[in-house]
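With the hints as constraints, model all of the structure from the sequences given.
Going down the list, the sequences are from chains A and B. Per the numbering used here, residue 1 is the first one in the first sequence, and the count goes up by one each step. Per the numbering used here, residue 1 is the first one in the second sequence, and the count goes up by one each step.
To be clear, the hints were calculated from the coordinates, so they are not data collected in a lab. There could be a bad hint or two in this list.
When chains are identical, the list treats them as one kind, so a pair holds in a single copy or across two.
[As the list claims (entries may be wrong)] Here are the computed lysine to aspartate or glutamate pairs in the EDC-like style, where the Cα-Cα straight-line distance is at most 20 Å:
| # | residue 1 | residue 2 |
| --- | --- | --- |
| 1 | K46 | D239 |
| 2 | K249 | D291 |
| 3 | K240 | E297 |
| 4 | K117 | D203 |
| 5 | K302 | D291 |
| 6 | K270 | D45 |
| 7 | K117 | E33 |
| 8 | K249 | E295 |
| 9 | K46 | D87 |
| 10 | K249 | E129 |
| 11 | K71 | E376 |
| 12 | K46 | E129 |
| 13 | K249 | E297 |
| 14 | K117 | E211 |
| 15 | K71 | D18 |
| 16 | K270 | D203 |
| 17 | K46 | D77 |
| 18 | K117 | E133 |
So the chains spell out like this:
Protein chains: 2
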Amino acid sequence: MELNTSVGIVSAQRATFDTPLTFRSGAVLPRYELVYETYGTLNADKSNAILICHALSGNHHVAGSYADAPKNVGWWDNMVGPGKPIDTNKFFVIGLNNLGGCHGSTGPISINPETGKPYGASFPVVTVEDWVESQVRLADLLGITQFAAVLGGSLGGMQAMQWSLSYPERVRHVLVIAAAPHLTAENIAFNDVARNAILTDPDFHGGHYYEHGVVPTRGLRLARMLGHITYLSGDAMADKFGRSLRSGKLGFSYDIEFEIESYLRYQGDKFASYFDANTYLLMTKALDYFDPAREFEGNLDKAFAAARADFLVLSFSTDWRFSPDRSREIVSALLHNRLNVSYGEITSTHGHDSFLMQHAHYHELVRAYLARVSSEFSA
Amino acid sequence: MELNTSVGIVSAQRATFDTPLTFRSGAVLPRYELVYETYGTLNADKSNAILICHALSGNHHVAGSYADAPKNVGWWDNMVGPGKPIDTNKFFVIGLNNLGGCHGSTGPISINPETGKPYGASFPVVTVEDWVESQVRLADLLGITQFAAVLGGSLGGMQAMQWSLSYPERVRHVLVIAAAPHLTAENIAFNDVARNAILTDPDFHGGHYYEHGVVPTRGLRLARMLGHITYLSGDAMADKFGRSLRSGKLGFSYDIEFEIESYLRYQGDKFASYFDANTYLLMTKALDYFDPAREFEGNLDKAFAAARADFLVLSFSTDWRFSPDRSREIVSALLHNRLNVSYGEITSTHGHDSFLMQHAHYHELVRAYLARVSSEFSA
Chain A
1 MELNTSVGIV
11 SAQRATFDTP
21 LTFRSGAVLP
31 RYELVYETYG
41 TLNADKSNAI
51 LICHALSGNH
61 HVAGSYADAP
71 KNVGWWDNMV
81 GPGKPIDTNK
91 FFVIGLNNLG
101 GCHGSTGPIS
111 INPETGKPYG
121 ASFPVVTVED
131 WVESQVRLAD
141 LLGITQFAAV
151 LGGSLGGMQA
161 MQWSLSYPER
171 VRHVLVIAAA
181 PHLTAENIAF
191 NDVARNAILT
201 DPDFHGGHYY
211 EHGVVPTRGL
221 RLARMLGHIT
231 YLSGDAMADK
241 FGRSLRSGKL
251 GFSYDIEFEI
261 ESYLRYQGDK
271 FASYFDANTY
281 LLMTKALDYF
291 DPAREFEGNL
301 DKAFAAARAD
311 FLVLSFSTDW
321 RFSPDRSREI
331 VSALLHNRLN
341 VSYGEITSTH
351 GHDSFLMQHA
361 HYHELVRAYL
371 ARVSSEFSA
Chain B
1 MELNTSVGIV
11 SAQRATFDTP
21 LTFRSGAVLP
31 RYELVYETYG
41 TLNADKSNAI
51 LICHALSGNH
61 HVAGSYADAP
71 KNVGWWDNMV
81 GPGKPIDTNK
91 FFVIGLNNLG
101 GCHGSTGPIS
111 INPETGKPYG
121 ASFPVVTVED
131 WVESQVRLAD
141 LLGITQFAAV
151 LGGSLGGMQA
161 MQWSLSYPER
171 VRHVLVIAAA
181 PHLTAENIAF
191 NDVARNAILT
201 DPDFHGGHYY
211 EHGVVPTRGL
221 RLARMLGHIT
231 YLSGDAMADK
241 FGRSLRSGKL
251 GFSYDIEFEI
261 ESYLRYQGDK
271 FASYFDANTY
281 LLMTKALDYF
291 DPAREFEGNL
301 DKAFAAARAD
311 FLVLSFSTDW
321 RFSPDRSREI
331 VSALLHNRLN
341 VSYGEITSTH
351 GHDSFLMQHA
361 HYHELVRAYL
371 ARVSSEFSA
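The following block contains the structure:
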């Protein structure tokens, strides 16, 4: 059953946009590039396209692997492929690297043509709304006037929601997974500590570290370590690591002693070796800013009055970053607007990270919902 | 009612101990000093003494204020004083700065007589058990063979528990407030991020920053910011700060924007200006190590078999650092040993910090319990 369910060898593509993009901040990017991958085949009337929006550290490499790097498997390969919940036999699936990212799309590490140097800290603060604007141009380029579905987990789910508000006529279904209608004060607080770790790293150099030949590894490592705590559940950590000591006994030093320390530091080191600190800052800021209800005096019902899509909202029982309560806020607002909403609260021990995991119930819910979506168009 | 309930002007005292203290790690401190304060009067048979153990950032200045610094009010002044829940009309109350601290007792900032330089990173890693050993000598010095009660919140509650295990015959009542029988993997993870913020600060210099004329302010600030998130409840943050913007509108920069950011950075800056980073490291390590059940294959019931005291255990509904579940683990183990246990689960919005707050129900529980304690001796 699980044989041949990979999209196989994939390769990234690149799109260039020469029409200036005005950000919500007022900043203007005269020209930008987006790197993306596609899986499956766009049908004749271009009605079977799905856009996958990525979360904080994601990118365009959603599924499959590269010919020259067979072990570099896409971050959602368990979800996307022939016969998988997001079935590439039926759907034409697009993954892209967000503007401001560090995996090929124009971002802080890109060369600013006006200066000949990396944008660095001068790259505009980008919002979820700005991403949707950049993504709609990619849809235009591919001739997709309406997506069968836009979906994502966490920050990706926020982009999916924003699609339903910014371009209600261009998306039939929205899948919002492990997301929230806005960050709480506590969410922002965690992001602020992570940002401060980067901003105060002496190697940050005000965001222009590229020119100094250094990277703020210490800050980025701390940010990721902290992030990881909030992605996991306390129960999952207890089950996986508990109070196990690496050497079996206390060392009375500040070296790694508990297994959880070993795990966190490894995750921090790994992340800091490939991710860009300026991109990390931008991503956390986009999270903090997302709040469609803000311009409606905090009334989420009114914010969703513009939406026309059908929705599947999913949350995970042990996700304390964006708990099921937060998803229910979204569901409630959608219901108040008499939209078609399916909601699933999935029992999982893996906390916020659950949305990336192979989980039978979760995958079956996505599969069933998308089977309905695919029944609406001819292959 | 609230008039004249302060212990008034107090002054710190200093005790010197010349008998070498062997730490759990095997390290030996040939000589050490403890700074402490006392409130109230020790009765004739020395049966009315209460020892207050402090938490991570606490010290010996529990109540009252100093003649030369009237605004420097003790950290638990709302709890300790004449007519207050810990009633200094009835009890002789002792607060001390823990060994390894940075408020007067021998610690990393103290001069090591062998080198003529501050101990810095060479100060031994200190455990809750070591603290109890150092505290019992202070009791000896004051002629107190048995405390009416030993008590504390958070890490202070762990010391109180340890007293009942290390010196069961020397304490009649133990009050364990907002504590846990050991840290979870998640608790340790937060501590490890805080420690790494300090350890990787270029100004840390392997713990010997005193000699370099610098302090690892950045790391200590981050550690405290992170700590603060775990001391508060998500609800309290939401109520107090929500998503309020300092200037009323988004700034699209990394300056302070949300009120919660302002609060956290202020707390971080303030703390980093007076607290010692090496002490912070020691305190978090003592937290991580505390685990009386470890030598009993994780069986807390067996660990408490040594205890003889009566117990009051208190927890707070929104404390997610040491949740009520953790207190119930303690209560369960005490009950299995047929000890006298009172348990109170207090509804409070203030998270872990609740134990420091003025809270009527909480204070009444402490007051009522200690009234019983004071009825056992003659004033």
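query: So which of the earlier hints does this model not fit?
result: Structure breaks hints 1, 6, 11, 12, 15, 17, 18.
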